[in-house]
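2 protein chains.
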Amino acid sequence: MRKYNVAVIGATGLVGSTILKILEERNFPIDHIYFLSSKKSAGNQIVFKDNEYTVEELNEDSFNKDIDFAFFAAGGTVSEKYANIAVDKGIRVIDNSSIYRMEEEVPLVVPEVNPDEIFNSRGIISNPNCSTIQSVLPLKPLHDNFKIKRIIFSTYQAVSGSGLGGIKDLEDGQIEFYPYQIQGNALPHIDSFLENGYTKEEMKMINETKKILKDDSIKITATTVRVPVKHCHSVSVNLEFERTFELEDVYKVLEQFDGVIVKDDVQNNKYPMPLDVEGSDKVYVGRIRRDFSLDNGLNLWIVADNIRKGAATNAVQIAELLIKD
Amino acid sequence: MRKYNVAVIGATGLVGSTILKILEERNFPIDHIYFLSSKKSAGNQIVFKDNEYTVEELNEDSFNKDIDFAFFAAGGTVSEKYANIAVDKGIRVIDNSSIYRMEEEVPLVVPEVNPDEIFNSRGIISNPNCSTIQSVLPLKPLHDNFKIKRIIFSTYQAVSGSGLGGIKDLEDGQIEFYPYQIQGNALPHIDSFLENGYTKEEMKMINETKKILKDDSIKITATTVRVPVKHCHSVSVNLEFERTFELEDVYKVLEQFDGVIVKDDVQNNKYPMPLDVEGSDKVYVGRIRRDFSLDNGLNLWIVADNIRKGAATNAVQIAELLIKD
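As you go down the protein sequences, you meet chains E and X in turn.
The letter at position 137 of the first sequence is residue 137 when you use our numbering, and the numbering goes up by one with no holes.
The letter at position 4 of the second sequence is residue 1004 when you use our numbering, and the numbering goes up by one with no holes.
Honestly, the hints are just simulated from the structure, not real lab data.
A quick note: this is a predicted structure, and the numbers were derived from the prediction, not measured.
Glycine included, each C-beta is placed from N, C-alpha and C at the ideal position.
No incorrect hints appear here.
Some, not all, of what chain E presents toward chain X, calculated at C-beta under 7 Å:
(1) 179
(2) 184
(3) 236
(4) 266
(5) 269
(6) 271
(7) 273
(8) 275
Construct the complete structure from the given sequences, taking the supplied hints into account.
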């Protein structure tokens, strides 16, 4: 079996270090691995599969190595500066930042949903927004079967989505990363505000969902909220379908869809919760109910580990698709 | 000025003790006050306006006193057993429990929204559900001006809504009141589950909103979620109007409505948050944005102190209406 040379950019961050963990867990066939980081983290030691590695400083020469895949998880500025340099050297880039996601020639891939998009890549494949990834998994089979007309998202997002700074604000009760205390609070503010009154996070959910489901006709709105939860985002989703449906068919298509776990037995208090889902690579769906305010309406409650399936696991799954190809 | 004799049932609970605080703050004209409680709390001392009172045990003879108003805040079972006994003695009952709210002859009153309903009371006036109270305040002027067709509620509810047991679960990290840990978690489960897959809390928001706005034609759905916040509920609200609207008119009618504060300057990170709103009797509205997925759609984020405006303050305001009458 062929083995590959892999580079991880931003390996000391929350998503980067989880990518390493998942490459190990899934036994990704690695020949050599390189760790590239900002000057600040260069020189640090990283243990990967029982070997110790030194983090190298990322610079324009970093990609003059025999690298097959580069995972970028060091933020938009680093991806903007270096991703195309890597591509020019023939390296396949899997980018966790948002900057290339909406570019027409860049595939935005959730392997269970739109795996074939990888064939359209000219080098960069974007990893979608965390809340979007977990939402589109259950939405895909519902769209295929009942055709989604409109989606209303309200999110309950964990602080780990902001990286280690967010976790520190929650755990220490400090106000350093967020503009206000997150402990015991709820901030209707994720990423920066745009002219239209929406946050970038809200517009990511709206635009990326349409791109991944390949249907610009779906009407979408979103309100994204940070809550004092460490790991796992939750999303309250209201759907309107074109077609009539039976609730039992909703359960069936969700249960059959790869990557989705239906956890919905409310009479026994079974529903998805962040504390339960932490550490899982699956997307959990519950509170599945007809919305009686519409002819073809449905309510869902979706929970997933935002750092794993919402970021690192999805990125590694994209690399797995590329080597299967 | 006439003074009144008042009884508070459940004065040692979270809502009951806040009713006392608000009767003091608003200087409600009290001649004599009685404290009635279960056997467990009887004998306790309560300080009200610098006088010390002994809590009496509630029984069938408790209402053979010269009482004008009785605030019931001891749960549905107590209200069911004693509210009508009080009414039979000519006492006006303001009931915080849910049991009489949907009865046709019982007014369900939010003083800023439907004050005239008090004239229809035959004795009991119900105080609405906390999430419903804070939602209908901004909805009332919007319905009057633009006619609401459909509402989708997703709530972010504080543990104080469950009383002292909920607060203890949050603060001590224990699992006694809730079926699961609430610290660092989000539970899509408030009150018990019904046959149709909704919780009672969700159905309260749906049914009480229609009753208070006096319009059964409004289509409503809801998902209610407990979050690790001590005080103040937040609600993400999506609205569809019959009529077209200008965003500036939305701001205008909200700003002019009594009891509503518009806090919405996102470019300067100003939006309503639980930690800021705690202790206030106003309902805060922000994140006001057109929902571009619809012709006449609007998104709102509404925060209020669930124990004050969502319960105790609203109850005292109802009594104020009754004495003005």
